[in-house]
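Enquirer: Listed in order, the protein sequences are those of chains A, B, C and D.
Here this note's numbering is used: the first residue of the first sequence is 4, the next is one more, and so on.
Here this note's numbering is used: the first residue of the second sequence is 4, the next is one more, and so on.
Here this note's numbering is used: the first residue of the third sequence is 4, the next is one more, and so on.
Here this note's numbering is used: the first residue of the fourth sequence is 4, the next is one more, and so on.
Treat the hints with care, as some may be off.
Identical copies look the same in the list; a pair holds intra-copy or inter-copy alike.
[Claimed, not checked] Cut-off 25 Å, straight-line C-alpha distance, at most; resulting in silico cross-link-like pairs (DSS-like, lysine-lysine):
{"hint": "1", "residue 1": "Lys393", "residue 2": "Lys466"}
{"hint": "2", "residue 1": "Lys19", "residue 2": "Lys393"}
{"hint": "3", "residue 1": "Lys459", "residue 2": "Lys363"}
{"hint": "4", "residue 1": "Lys196", "residue 2": "Lys415"}
{"hint": "5", "residue 1": "Lys196", "residue 2": "Lys158"}
{"hint": "6", "residue 1": "Lys459", "residue 2": "Lys19"}
{"hint": "7", "residue 1": "Lys374", "residue 2": "Lys415"}
{"hint": "8", "residue 1": "Lys415", "residue 2": "Lys459"}
{"hint": "9", "residue 1": "Lys19", "residue 2": "Lys470"}
{"hint": "10", "residue 1": "Lys415", "residue 2": "Lys70"}
{"hint": "11", "residue 1": "Lys415", "residue 2": "Lys19"}
{"hint": "12", "residue 1": "Lys466", "residue 2": "Lys374"}
{"hint": "13", "residue 1": "Lys158", "residue 2": "Lys19"}
{"hint": "14", "residue 1": "Lys70", "residue 2": "Lys158"}
{"hint": "15", "residue 1": "Lys158", "residue 2": "Lys59"}
{"hint": "16", "residue 1": "Lys19", "residue 2": "Lys363"}
{"hint": "17", "residue 1": "Lys19", "residue 2": "Lys196"}
{"hint": "18", "residue 1": "Lys70", "residue 2": "Lys393"}
{"hint": "19", "residue 1": "Lys435", "residue 2": "Lys415"}
{"hint": "20", "residue 1": "Lys363", "residue 2": "Lys470"}
{"hint": "21", "residue 1": "Lys393", "residue 2": "Lys59"}
{"hint": "22", "residue 1": "Lys470", "residue 2": "Lys158"}
{"hint": "23", "residue 1": "Lys70", "residue 2": "Lys363"}
Quick caveat, the hints were computed from the structure, so don't treat them as lab data.
4 protein chains.
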Amino acid sequence: MTKKQKRPGAAKPVSKPWSGRFRNRTHRLVETFTSSLSFDRRLYPYDLQGSVAHCKALERAGVLSRKETAQILRGLEEVRSELESGRFSFAEEDEDIHMAIERRLTELIGPIGGKLHTGRSRNDQVALDVRLYLRDALGALLDSLRRFQRVLLEKARAHLDVVMPGYTHLQRAQPVLFAHHLLAYVEMIERDKGRVRDALVRLDVMPLGSGALAGTNYPVDRTYTARLLGFTQVSENSLDAVSDRDFAIEVLASLAMVMMHLSRLSEELVLWASQEFQFVDLPDSFCTGSSMMPQKKNPDVPELVRGKTGRVYGHLLALLTTLKGLPLSYNRDLQEDKEALFDAMSTVVASLEVSTELIKGLTVNRAMLAKAAGSGYLLATELADYLVTKGVPFRQAHVTIGRVVRWCLDRKQDLRDLTLADLRSFSDRFEKDALDVVTVEGAIERKAQIGGTARKRVEARIKALEKVLTLRS
Amino acid sequence: MTKKQKRPGAAKPVSKPWSGRFRNRTHRLVETFTSSLSFDRRLYPYDLQGSVAHCKALERAGVLSRKETAQILRGLEEVRSELESGRFSFAEEDEDIHMAIERRLTELIGPIGGKLHTGRSRNDQVALDVRLYLRDALGALLDSLRRFQRVLLEKARAHLDVVMPGYTHLQRAQPVLFAHHLLAYVEMIERDKGRVRDALVRLDVMPLGSGALAGTNYPVDRTYTARLLGFTQVSENSLDAVSDRDFAIEVLASLAMVMMHLSRLSEELVLWASQEFQFVDLPDSFCTGSSMMPQKKNPDVPELVRGKTGRVYGHLLALLTTLKGLPLSYNRDLQEDKEALFDAMSTVVASLEVSTELIKGLTVNRAMLAKAAGSGYLLATELADYLVTKGVPFRQAHVTIGRVVRWCLDRKQDLRDLTLADLRSFSDRFEKDALDVVTVEGAIERKAQIGGTARKRVEARIKALEKVLTLRS
Amino acid sequence: MTKKQKRPGAAKPVSKPWSGRFRNRTHRLVETFTSSLSFDRRLYPYDLQGSVAHCKALERAGVLSRKETAQILRGLEEVRSELESGRFSFAEEDEDIHMAIERRLTELIGPIGGKLHTGRSRNDQVALDVRLYLRDALGALLDSLRRFQRVLLEKARAHLDVVMPGYTHLQRAQPVLFAHHLLAYVEMIERDKGRVRDALVRLDVMPLGSGALAGTNYPVDRTYTARLLGFTQVSENSLDAVSDRDFAIEVLASLAMVMMHLSRLSEELVLWASQEFQFVDLPDSFCTGSSMMPQKKNPDVPELVRGKTGRVYGHLLALLTTLKGLPLSYNRDLQEDKEALFDAMSTVVASLEVSTELIKGLTVNRAMLAKAAGSGYLLATELADYLVTKGVPFRQAHVTIGRVVRWCLDRKQDLRDLTLADLRSFSDRFEKDALDVVTVEGAIERKAQIGGTARKRVEARIKALEKVLTLRS
Amino acid sequence: MTKKQKRPGAAKPVSKPWSGRFRNRTHRLVETFTSSLSFDRRLYPYDLQGSVAHCKALERAGVLSRKETAQILRGLEEVRSELESGRFSFAEEDEDIHMAIERRLTELIGPIGGKLHTGRSRNDQVALDVRLYLRDALGALLDSLRRFQRVLLEKARAHLDVVMPGYTHLQRAQPVLFAHHLLAYVEMIERDKGRVRDALVRLDVMPLGSGALAGTNYPVDRTYTARLLGFTQVSENSLDAVSDRDFAIEVLASLAMVMMHLSRLSEELVLWASQEFQFVDLPDSFCTGSSMMPQKKNPDVPELVRGKTGRVYGHLLALLTTLKGLPLSYNRDLQEDKEALFDAMSTVVASLEVSTELIKGLTVNRAMLAKAAGSGYLLATELADYLVTKGVPFRQAHVTIGRVVRWCLDRKQDLRDLTLADLRSFSDRFEKDALDVVTVEGAIERKAQIGGTARKRVEARIKALEKVLTLRS
């Protein structure tokens with residue numbers, strides 16, 4: 004110590020591991036403003052995982068001795084145990100989880116702990132940690148997406164006989180199976196999973212060994228580190244590896260789309276639960292009341308899911324904005340990636356979970372759906388297609404049936420009330436069979452091509468999707 | 004109790020104040036998903052302030068007796084004291100700060116506490132709370148903006164003699180005073196303050212008394228409540244009052260613009276602190292080092308401020324998205340306003356504070372600035388304007404000087420190295436005085452119209468702005 | 004000419020007014036990529052207006068002679084006439100409307116045209132042009148907003164007797180007047196107008212005389228130019244004046260909020276026009292049909308208005324992103340402001356216009372609204388408030404009525420079907436008058452405080468708003 | 004005709020193919036507001052391609068006779084020829100390109116043209132058209148991305164011997180090869196291409212046969228249509244197929260990331276071309292001048308590319324917003340997808356093209372780069388790593404070298420000026436070889452692990468990437 008104090012620059016109170024070239028301590032405001040510890044501490048398991056692998060790679064490269072390696076690994080285990088049990092105490096000068104762990108390691112095992120960071124920088128370290136975190140989180144997300152699909156499939160299968168009005172422009176359009184409607188969401192989620200899986204492939208790149216920006220001076224075998232950590236590729240450019248946040252943006256874009264899908268379903272649930280639609284009953288346990296109006300039972304869950312869509316969009320935009328125009332390589336702006344990712348991920352998973360349970364508890368009001376599907380002019384297209392079978396060009400058939408509808412509207416009557424004579428007053432091509440052909444059941448069953456709402460098609464699709472879910476999970 | 008239990012519907016375990024018409028308890032997942040307590044608890048002082056005023060208005064309207072009013076007010080004070088001291092314990096079934104406070108009030112003073120919510124709904128209550136919060140927060144924001152301006156003005160005044168190159172397209176353009184450059188940011192903040200003040204005017208509308216959506220059945224004098232709470236207007240439409248989040252979006256848009264301004268200054272600080280510019284030195288205490296590279300002193304603060312711009316943009320977008328397409332009146336989606344507002348507000352205030360201290364600690368490298376302003380072709384426009392004074396149309400003068408520059412570039416020489424003979428080979432209009440006129444000092448002093456960079460103009464503007472800051476703070 | 008050609012640098016083919024210092028012509032790709040002529044040509048009236056004022060200010064400053072001024076003004080008039088009549092032919096090398104006009108001016112009046120740009124840069128010129136454009140455009144926007152309000156007020160007045168269910172969470176909540184509901188939108192637009200007016204105040208700053216970035220060398224009286232152009236203030240900092248796009252972002256933020264409001268109304272119109280609600284009929288002339296389904300009459304207009312909300316949000320975000328992190332002063336990135344502004348402005352004005360006509364043509368289905376308002380449990384709060392008048396604390400009354408509702412739900416009966424005996428089985432406080440008090444009419448009329456839905460309140464508010472519209476237009 | 008006129012509803016002037024049930028013509032304002040013809044006409048080749056395939060599938064299904072098919076196909080060819088040659092005249096009542104083509108077809112071949120739309124709706128038709136367009140556009144985008152990579156690789160290879168300072172936080176950090184820096188962008192683009200290819204896979208789904216929403220009544224073989232159009236999959240749910248715009252959002256998200264990458268390179272080019280950096284010279288033909296300052300040569304191209312990033316982000320956000328909360332199935336809001344896609348696509352392709360040419364024309368200022376890489380404290384990490392090789396724990400070595408740097412800073416001297424004695428005053432571990440080891444060349448060559456900046460690594464990576472580009476294009 005005496006010796007050290009005589010050395011130049013040594014007289015200053017040192018509080019940071021990097022403060023050798025600094026004359027003054029970090030300003031209190033700056034400590035608070037720049038610290039990431041409040042949110043990056045959740046990365047600790049990944050940070051430890053990365054450090055263990057890095058330590059082993061250093062040993063293999065001959066940078067650490069067998070004994071040093073053992074000491075460091077033991078120390079890291081002790082740190083892990085402290086963190087897991089909540090005994091770990093963070094110090095004021097800890098800027099982030101990386102420095103907190105290294106500090107504690109050195110407290111536990113002495114200066115040898117200072118060898119762990121050899122050939123490594125926080126720049127490649129955090130790139131690794133976030134990738135490890137996302138690999139886990141996306142795995143969990145895929146599970147949530149699958150669970151959601153399963154519940155939708157179960158609900159669909161249990162209601163294969165329920166017909167409802169299909170809508171375009173929120174106007175009743177043609178009858179469809181309720182199951183077919185639910186399956187539309189299963190397809191959306193299927194695409195979401197595809198995007199997540201693609202993101203996982205691009206995430207499967209190990210950045211450690213990129214150092215601060217230029218690579219490492221030590222002969223570590225990066226493919227060995229990658230293997231230890233379960234990656235199949237290593238990053239091919241050190242500057243890119245520490246600057247790149249594509250993976251975070253790609254994940255946020257995929258999450259934004261999941262929320263978009265959930266927002267559409269949520270909108271429908273809110274509509275369906277209204278007194279005007281009355282298509283479904285939401286379980287009491289998924290609704291809340293009003294502090295003022297005693298009769299209220301509000302669909303808070305789908306409303307909140309819909310509302311949280313904005314939040315996830317916002318995170319995507321935030322990170323895109325942050326990255327815009329940043330020169331290479333690492334810039335401190337990149338620290339903003341984590342809170343956006345963490346909050347987006349937990350928002351989406353929570354929204355999926357609660358939506359899954361909500362769908363599970365949903366009661367379908369078969370009577371109302373049947374009534375809605377049966378009335379109105381939902382069979383007008385069937386009538387037009389009938390005329391087509393009698394040789395009328397479709398465009399002309401369309402015009403004719405349009406007039407039929409207009410005529411009914413003026414008389415406030417339904418298509419069902421039309422007689423053959425009525426029909427024939429619009430076109431001589433109408434024959435006796437017209438009134439038999441034009442039924443809700445017929446309309447459903449005729450849509451028998453792939454993707455159509457015919458029952459056998461819908462059933463087959465349920466089966467196929469169930470198989471997909473079995474195979475992949 | 005025995006009596007109650009015989010009453011219909013009474014046998015069910017009741018956990019929520021609104022659960023009379025419900026058969027089942029709220030699902031655990033839903034409790035977590037919908038609870039706003041983790042973030043809206045910070046509204047408690049405003050919630051209490053609103054409740055006190057509401058209580059007094061109910062008394063005045065004859066709805067509460069003098070004694071009841073006194074009891075409730077005393078209870079509210081007790082609740083406040085518990086909350087302030089941290090003794091308040093939140094219950095699992097508390098959905099939000101409003102219900103938590105009402106619950107506790109009733110525990111403290113008995114069923115009479117249940118009278119407080121008469122003629123009120125959480126819909127108008129939360130609209131009030133957020134307005135009260137924002138009124139305070141915007142006041143504090145104005146203070147932060149003013150402090151930031153003051154530091155910029157002080158820095159400008161202290162460097163009135165420093166010339167620097169002004170830039171367009173990040174190319175050196177014309178010499179300007181360093182103070183003039185700093186004042187540009189004071190002007191931006193001046194506009195920011197204008198927007199905040201306008202937002203405060205539109206915020207000055209008291210929504211309580213709008214009930215859940217339709218108004219209140221009780222003859223409360225809403226202007227009295229408004230007066231108690233320091234508002235000058237009351238909302239004129241109950242449906243609008245509970246659906247409206249314009250004020251939140253307007254605030255977020257203003258905050259986004261503040262961050263945009265800070266991001267521009269931050270970008271400049273990062274540039275100026277680079278080895279290439281060397282225009283300023285940031286204080287050690289505002290920089291951090293590298294975990295790997297011992298020489299590094301990084302401008303983390305301006306980088307992070309710049310990065311956090313995305314975050315605030317994201318919150319603006321999030322709320323805009325959330326509001327899009329919502330039917331009237333209150334929908335649960337609106338709950339998403341608070342976290343966005345809180346985080347945006349604290350991000351902006353922290354960014355302002357840390358930027359204020361950073362500017363205060365900034366060392367200006369006068370030598371480098373002078374060198375940069377003196378070299379290059381920054382006086383080319385002065386030469387063109389010289390020709391104009393000799394009767395050459397500006398466009399033609401511009402072309403001539405363009406050629407002079409080209410000629411110098413080819414010879415790798417500076418404008419300063421030109422002889423009169425050189426100049427006259429481009430135009431006979433050049434006379435002896437040309438070489439005297441074209442100086443950095445002359446270039447600065449000739450920009451003497453309002454808004455120009457002439458020293459007397461800049462000094463006058465500093466004085467004017469100092470006065471503005473004195474008057475309004 | 005012979006003389007000129009001997010001069011250094013003169014041998015190169017010159018195509019741009021600024022090309023003196025350049026050796027090579029602009030690349031064809033770059034011409035296309037950087038040209039703004041395709042969109043900024045719409046600024047020509049403002050560019051001419053600015054040039055006229057600049058020319059007069061130059062004369063007053065003694066920079067231009069009386070004769071030169073007259074020539075230039077005559078030339079500008081000729082240019083205007085060519086532009087207005089479509090006779091103006093743009094040249095390939097015209098980069099933007101400013102250079103196109105100057106080029107043509109010089110063709111028409113000779114080299115003297117080259118004097119117009121004395122002491123001016125495109126940087127301050129375009130800042131002026133966009134402000135002049137926005138001043139006009141915001142004036143027109145205010146007119147469109149007022150027209151929209153007027154139609155809403157007329158519709159409200161014409162339906163003062165129509166009751167509808169008010170909603171929270173899209174669940175029927177309490178009865179309100181249809182007029183009250185429409186007035187909510189008038190209030191929103193009133194705030195929109197306030198924001199536009201505030202933006203106009205901040206827009207009222209004349210930037211000309213800021214030059215490229217540092218001010219002007221010529222003794223122009225900027226306040227004179229401002230007066231000629233109808234501005235009350237001049238910019239106070241030249242660097243800021245050419246870098247500032249706050250006014251554009253502020254306008255875009257205001258436009259985004261207008262669209263948000265329109266999106267909410269549009270959502271309601273889509274709902275109301277559905278077969279489930281049937282609250283309104285949209286005029287045939289505002290709907291379109293389906294290419295396939297003959298019966299369809301789709302509410303395309305509100306759907307598109309709702310959809311275009313994203314577009315305007317996108318423009319706001321685009322400009323915020325563009326501005327993020329730009330150093331001072333002018334950077335070419337700023338060119339991106341115009342298309343965003345133009346498209347946002349025309350989208351909003353078109354959406355307002357078409358919504359105005361749509362509301363005008365709307366048929367209100369009084370029977371359906373009455374039926375919807377009468378059924379359900381919309382009077383539950385009235386029942387609770389009844390108990391309050393009998394001394395029951397509100398919270399307890401709420402629970403009691405919640406149980407009443409539950410009991411009715413179980414019996415599938417309405418509140419209207421309750422007998423006094425039924426009521427008294429829940430609370431002894433119910434007396435004979437209960438059944439008289441609890442009516443839709445009573446519920447409406449009791450909401451008689453400011454902002455409430457009582458008819459006299461609504462009528463008074465219509466009157467007040469009509470007066471506001473008369474005064475300000 | 005006489006007969007028809009007696010039929011009910013026939014007396015009204017008919018202007019739209021779907022107007023049978025309508026009483027009134029479309030309002031002029033609505034025609035303008037809802038028309039998509041101004042932008043969707045660019046889809047005509049895809050619309051015709053789809054119609055040809057649909058026609059053949061109808062024939063195969065027995066819906067059209069051989070003769071009818073031939074007639075229609077001939078008619079479509081005639082329409083194509085008119086459109087290609089510009090002879091096609093659009094009619095006022097044409098709402099979109101689909102109806103325009105069908106109208107013209109029927110004019111050309113008579114009522115038989117009205118058979119083409121059998122079993123088809125504009126909803127599935129436009130979903131097909133946009134997919135076909137995107138398939139082409141993404142193919143072209145991949146080509147542009149590859150061309151850009153090739154130019155970067157060529158530039159890198161041509162400058163393999165050039166060293167530059169690598170940066171973190173825009174502070175000089177460690178020396179890297181200029182080629183290594185350029186390769187970072189090649190890696191980014193490689194990921195961009197991966198995302199585009201993944202999007203193409205998800206795009207490879209044929210939606211035709213989904214009808215308006217429920218499927219088709221006709222026994223068309225959808226896999227046959229898909230084969231004709233070069234798709235490998237058909238959509239599996241008709242409701243989803245007409246509501247889905249995932250593919251558009253996914254493309255916009257990928258485009259946003261491409262722009263983000265280009266914005267980072269553009270920022271660097273702007274920096275490098277500044278008088279402070281002077282790392283590169285941009286070709287004259289890629290810069291423009293100032294209307295006022297004769298010496299200016301501005302990097303407009305990278306500035307504009309950077310600025311246009313906001314525009315593409317805006318389009319992504321716009322479409323996400325539009326989709327939020329839309330119920331199934333088709334809603335008119337979806338029409339907003341096209342302009343966003345078209346503009347984003349052309350912005351990105353133009354930005355890539357112009358950036359490609361710019362990089363090609365870039366002159367690298369080797370002297371400046373060498374000087375910048377040699378000075379400063381870029382070798383501090385090498386010194387620390389030297390101590391590590393002598394057994395000092397890295398963290399301690401870091402602190403020691405930090406003090407060395409501090410000492411040099413105080414003396415305003417460089418690391419190069421240190422003597423062995425100087426070094427040994429900080430640590431006895433320094434030996435004679437220290438001064439040999441610590442060179443720029445050594446620093447570069449020691450970074451020899453995968454992804455490092457050692458020349459052999461960079462060269463190998465160039466080779467590998469060149470191979471990738473050969474194989475895939």
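Enquirer: Run every hint past the structure and note whether it holds.
Expert: Tested hints:
In this assembly of identical chains, Lys393 and Lys466 lie within 25 Å of each other by CA distance neither inside one copy nor across copies; the values are 36 Å within and 61 Å between. For a Cα distance limit of 25 Å, the shortest separation of Lys19 from Lys393 across copies, 24 Å, qualifies, whereas the shortest one inside one copy, 87 Å, does not. In this assembly of identical chains, the alpha carbons of Lys459 and Lys363 lie at most 25 Å apart only when taken from the same copy (24 Å versus 48 Å across copies). In this assembly of identical chains, the alpha carbons of Lys196 and Lys415 never lie at most 25 Å apart, being 48 Å within a copy and 43 Å across copies at closest.
Proximity of Lys196 to Lys158 under the C-alpha cut-off of 25 Å is restricted to the intra-copy arrangement: shortest distance 20 Å within a copy versus 39 Å between copies. Within a single copy, Lys459 and Lys19 get their C-alpha atoms no closer than 69 Å, and across copies no closer than 37 Å, so neither meets the 25 Å cut-off. Taking identical chains as interchangeable, the C-alpha atoms of Lys374 and Lys415 lie at most 25 Å apart whether they share a chain (17 Å) or sit on different chains (19 Å). When the C-alpha separation of Lys415 and Lys459 is checked against a cutoff of 25 Å, the pair qualifies neither within a copy, at 35 Å, nor between copies, at 37 Å.
When the C-alpha separation of Lys19 and Lys470 is checked against a cutoff of 25 Å, the pair qualifies neither within a copy, at 56 Å, nor between copies, at 43 Å. Neither within a single protomer nor between protomers do Lys415 and Lys70 lie at most 25 Å apart by alpha-carbon distance, with minima of 91 Å and 42 Å respectively. In this assembly of identical chains, the alpha carbons of Lys415 and Lys19 lie at most 25 Å apart only when taken from different copies (24 Å versus 82 Å within one copy). Taking the shortest Cα distances, Lys466 and Lys374 never come within 25 Å of each other, neither inside one copy (28 Å) nor across copies (44 Å).
In this assembly of identical chains, the alpha carbons of Lys158 and Lys19 never lie at most 25 Å apart, being 58 Å within a copy and 30 Å across copies at closest. Proximity of Lys70 and Lys158 under a CA criterion of 25 Å is satisfied in neither setting, with 59 Å inside one chain copy and 47 Å between copies. Taking the shortest alpha-carbon separations for Lys158 and Lys59, neither the intra-copy value of 50 Å nor the inter-copy value of 38 Å comes in at or below 25 Å. Taking the shortest Cα distances, Lys19 and Lys363 sit within 25 Å of each other only across copies (23 Å), while inside one copy they are farther apart (53 Å).
Taking CA atoms no more than 25 Å apart as the test, Lys19 paired with Lys196 passes in neither setting, with 44 Å inside one copy and 38 Å between copies. For the identical chains of this complex, Lys70 and Lys393 are inter-copy neighbours only, at 17 Å across copies versus 90 Å inside a copy, given an alpha-carbon limit of 25 Å. In this assembly of identical chains, Lys435 and Lys415 lie within 25 Å of each other by CA distance solely inside one copy; the values are 24 Å within and 43 Å between copies. Taking the shortest Cα distances, Lys363 and Lys470 sit within 25 Å of each other inside one copy (20 Å), while across copies they are farther apart (52 Å).
With identical chains, the CA atoms of Lys393 and Lys59 are at most 25 Å apart between copies only, with a shortest distance of 20 Å across copies and 79 Å within one. Taking identical chains as interchangeable, the C-alpha atoms of Lys470 and Lys158 lie at most 25 Å apart only when both belong to the same chain, with a minimum of 16 Å there against 51 Å between chains. For the identical chains of this complex, Lys70 and Lys363 are neighbours neither inside a copy (56 Å) nor across copies (50 Å), given an alpha-carbon limit of 25 Å.
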